[in-house]
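J.: Residues per chain, in single letters:
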Amino acid sequence: MIDEQARLLSNREVAADFYLARLNAPHIAVRIEPGQFVNIQVGAGIAPLLRIPLSVSGVEREAGVIEVLYEEVGPKTRALSQFGPDAVLPTLGPLGKGFVLPPDDTHVVLVGGGIGVPPLLYWGLELRQQEHQTALLVGARTANKHLPNKLLTPAADAVRLATDDGSLGHAGLVTDLLQHELAEKGSCAVYCCGPHAMMQAVAAMCLEAQVPCQVSLEEYMACGIGICVGCAVELATAKGDTDYGRYARVCVDGPAFDARQIKWGNVWPT
Amino acid sequence: MADLSIDFASVQLRNPVLLASGTCNYGQELLPLTDFARLGGLVTKTITPQPRGGNPPQRIVETPAGMLNSIGLQNPGLEAFVEKQWPLLASLDAQVVVNIAGFAVEEFGQMAASLEALAGIAALEVNISCPNVEAGGDNFATRPQTAAAAIAAVRSRTQWPVIAKLTPNVTDIAEIARAVVDAGADAVSLINTLVGMAIDVERRRPVLGGVTGGLSGPAIKPVALAMVWKVAQAVAVPVMGIGGIATASDALEFMVAGASAVQVGTASFANPNAGVEIVEDLHAYCDEHGIDRIASLVGSLR
Numbered sequence: 001m002i003d004e005q006a007r008l009l010s011n012r013e014v015a016a017d018f019y020l021a022r023l024n025a026p027h028i029a030v031r032i033e034p035g036q037f038v039n040i041q042v043g044a045g046i047a048p049l050l051r052i053p054l055s056v057s058g059v060e061r062e063a064g065v066i067e068v069l070y071e072e073v074g075p076k077t078r079a080l081s082q083f084g085p086d087a088v089l090p091t092l093g094p095l096g097k098g099f100v101l102p103p104d105d106t107h108v109v110l111v112g113g114g115i116g117v118p119p120l121l122y123w124g125l126e127l128r129q130q131e132h133q134t135a136l137l138v139g140a141r142t143a144n145k146h147l148p149n150k151l152l153t154p155a156a157d158a159v160r161l162a163t164d165d166g167s168l169g170h171a172g173l174v175t176d177l178l179q180h181e182l183a184e185k186g187s188c189a190v191y192c193c194g195p196h197a198m199m200q201a202v203a204a205m206c207l208e209a210q211v212p213c214q215v216s217l218e219e220y221m222a223c224g225i226g227i228c229v230g231c232a233v234e235l236a237t238a239k240g241d242t243d244y245g246r247y248a249r250v251c252v253d254g255p256a257f258d259a260r261q262i263k264w265g266n267v268w269p270t
Numbered sequence: 271m272a273d274l275s276i277d278f279a280s281v282q283l284r285n286p287v288l289l290a291s292g293t294c295n296y297g298q299e300l301l302p303l304t305d306f307a308r309l310g311g312l313v314t315k316t317i318t319p320q321p322r323g324g325n326p327p328q329r330i331v332e333t334p335a336g337m338l339n340s341i342g343l344q345n346p347g348l349e350a351f352v353e354k355q356w357p358l359l360a361s362l363d364a365q366v367v368v369n370i371a372g373f374a375v376e377e378f379g380q381m382a383a384s385l386e387a388l389a390g391i392a393a394l395e396v397n398i399s400c401p402n403v404e405a406g407g408d409n410f411a412t413r414p415q416t417a418a419a420a421i422a423a424v425r426s427r428t429q430w431p432v433i434a435k436l437t438p439n440v441t442d443i444a445e446i447a448r449a450v451v452d453a454g455a456d457a458v459s460l461i462n463t464l465v466g467m468a469i470d471v472e473r474r475r476p477v478l479g480g481v482t483g484g485l486s487g488p489a490i491k492p493v494a495l496a497m498v499w500k501v502a503q504a505v506a507v508p509v510m511g512i513g514g515i516a517t518a519s520d521a522l523e524f525m526v527a528g529a530s531a532v533q534v535g536t537a538s539f540a541n542p543n544a545g546v547e548i549v550e551d552l553h554a555y556c557d558e559h560g561i562d563r564i565a566s567l568v569g570s571l572r
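As given, the protein sequences belong to chains A and B, one line each in that order.
Under the numbering used here, the first residue of the first sequence carries the number 1, and numbering increases by one thereafter.
Under the numbering used here, the first residue of the second sequence carries the number 271, and numbering increases by one thereafter.
Calculated from the structure, these hints are not laboratory results.
Heads up, some of the hints might be wrong.
Derived lysine to aspartate or glutamate pairs resembling DMTMM-like cross-links, with alpha carbons at most 20 angstroms apart [as the list claims (entries may be wrong)]:
id, chain 1, residue 1, chain 2, residue 2
1, A, 263, A, 208
2, A, 97, A, 243
3, A, 97, A, 33
4, A, 97, B, 299
5, A, 239, B, 558
6, B, 354, A, 243
7, B, 500, B, 562
8, B, 354, B, 277
9, A, 263, A, 234
10, A, 239, B, 349
11, B, 354, A, 253
12, A, 97, A, 86
13, A, 97, A, 126
14, A, 185, A, 243
15, A, 185, A, 105
Since this is a predicted model, take the numbers as computed values, not measurements.
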């Protein structure tokens with residue numbers, strides 16, 4: 001883990017309010033694994049005060065480059081979107097625990113929703129290099145909230161899209177696509193990142209189908225390194241035998257968790 | 271290089287910068303990112319008699335120039351702290367202040383007694399900003415009598431220096447400071463967080479799972495500074511300044527106002543090496559201003 005002076009190489013809009021930033025951060029690039037994240041400083045310590053935690057969506061190890069995809073949704077992501085090439089952004093990483101590999105020869109289904117897709121792209125690339133057959137299912141509100149195909153296709157052998165309004169791909173939820181995939185393939189491993197309600201639904205479907213499922217959680221973070229204990233997620237089964245183990249820290253115990261570890265339902269307000 | 275050392279209530283600090291309670295956990299996570307040997311010390315996250323799971327999420331939200339937290343004193347409890355967290359803390363080349371809390375007067379005394387034999391503690395910082403279950407949930411820190419009772423319980427059961435950590439959520443913080451000093455506190459530290467709130471207007475619900483939270487960060491610095499200045503004049507014991515300190519200039523303001531040492535808190539969330547960088551900049555300030563001993567700046571407000 002290092003706080004690296006990362007140099008922005010490019011920072012461009014790739015879908016409605018979705019940006020792709022490429023950063024020169026060689027120390028992080030050689031170490032970071034799929035599902036891990038970085039915490040990027042975009043202010044000078046007053047406003048925005050805290051860093052932005054972002055999963056990496058791709059890495060070029062030899063070139064020392066990491067990529068992050070983010071949606072402009074608030075002051076911090078707005079500040080990040082304004083930086084141009086050569087801006088130097090203190091970037092802390094690699095942070096957290098990434099995805100765990102499925103058994104050999106397992107068909108892999110990646111399920112992403114909205115801006116939850118980025119960690120799945122890096123993971124999909126890695127899995128394909130290890131000869132896993134992968135399908136990437138992506139849900140979004142509408143067509144222009146989908147990442148462009150050229151960012152999605154390298155991550156999977158097959159990409160299937162859904163939109164809530166039917167403007168692109170399947171008209172409906174990404175969980176419809178997953179239902180179909182589970183029925184067709186039977187045995188597989190599922191990796192999921194997206195809105196809480198979607199992850200909860202995916203976790204329930206996988207439990208029902210007796211298919212392993214890992215989720216990459218998002219929770220409001222301050223430090224990203226475990227010192228503030230702010231990004232708590234309630235566990236289905238507490239670690240240890242005391243109340244202390246009721247919550248895990250998403251930043252250091254995750255963000256990737258086995259879906260069965262999480263106490264869904266009352267944790268996520270709808 | 272200037273002498274940055276400070277004698278803080280008989281605790282020898284190599285420099286006046288400590289990491290604040292709740293912003294460095296129990297040291298371990300910061301090991302790869304900062305050098306404790308270059309800090310004055312650190313204050314542990316609050317330890318309570320029993321393990322605590324803490325509050326439901328959402329626990330954190332950024333606010334203008336600050337943040338709210340509602341962690342709920344999540345901690346492993348006294349026994350697990352001594353067994354699992356203390357060995358690493360004891361091995362650090364830094365003064366370790368252990369922050370303790372209780373929910374009844376006697377619990378404060380028991381905490382102090384249990385830590386009496388733990389060799390290597392620099393001091394106890396007593397977090398009295400927690401509900402007194404024997405008095406209908408009133409916060410110990412908000413009344414002179416209950417604040418004094420908690421401190422007296424600690425004082426009577428420990429030889430370690432006792433630092434009373436004060437809340438700003440009171441009418442007259444100097445009155446509370448005098449009460450805890452009369453009860454035997456060797457020093458006071460202030461301020462704890464200010465009570466604050468944020469609301470999600472789409473859902474018309476509180477942002478934080480705990481509804482209200484503690485405000486920290488640069489937003490509270492002027493409030494903290496005024497309170498430190500006031501308390502430093504009201505009591506004869508050393509004062510530890512806390513509240514939005516993110517730069518050496520911030521730290522110096524507190525020292526000139528009367529703080530003998532400072533704690534860096536929220537700044538570490540944005541920059542885990544903030545404390546060390548402040549120490550470096552304090553050296554630079556002293557060199558530039560021909561100051562031999564930083565202790566000479568304490569309470570030097572003209």
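J.: Compare the structure with each hint and give your call.
T.: Verification of the supplied hints:
no., hint, result
1, A:263 x A:208, "16 angstroms, holds"
2, A:97 x A:243, "23 angstroms, violated"
3, A:97 x A:33, "8 angstroms, holds"
4, A:97 x B:299, "14 angstroms, holds"
5, A:239 x B:558, "52 angstroms, violated"
6, B:354 x A:243, "16 angstroms, holds"
7, B:500 x B:562, "27 angstroms, violated"
8, B:354 x B:277, "30 angstroms, violated"
9, A:263 x A:234, "6 angstroms, holds"
10, A:239 x B:349, "17 angstroms, holds"
11, B:354 x A:253, "18 angstroms, holds"
12, A:97 x A:86, "29 angstroms, violated"
13, A:97 x A:126, "16 angstroms, holds"
14, A:185 x A:243, "40 angstroms, violated"
15, A:185 x A:105, "13 angstroms, holds"
Checked against the numbered hints above, the structure breaks hints 2, 5, 7, 8, 12, 14 and satisfies the rest.
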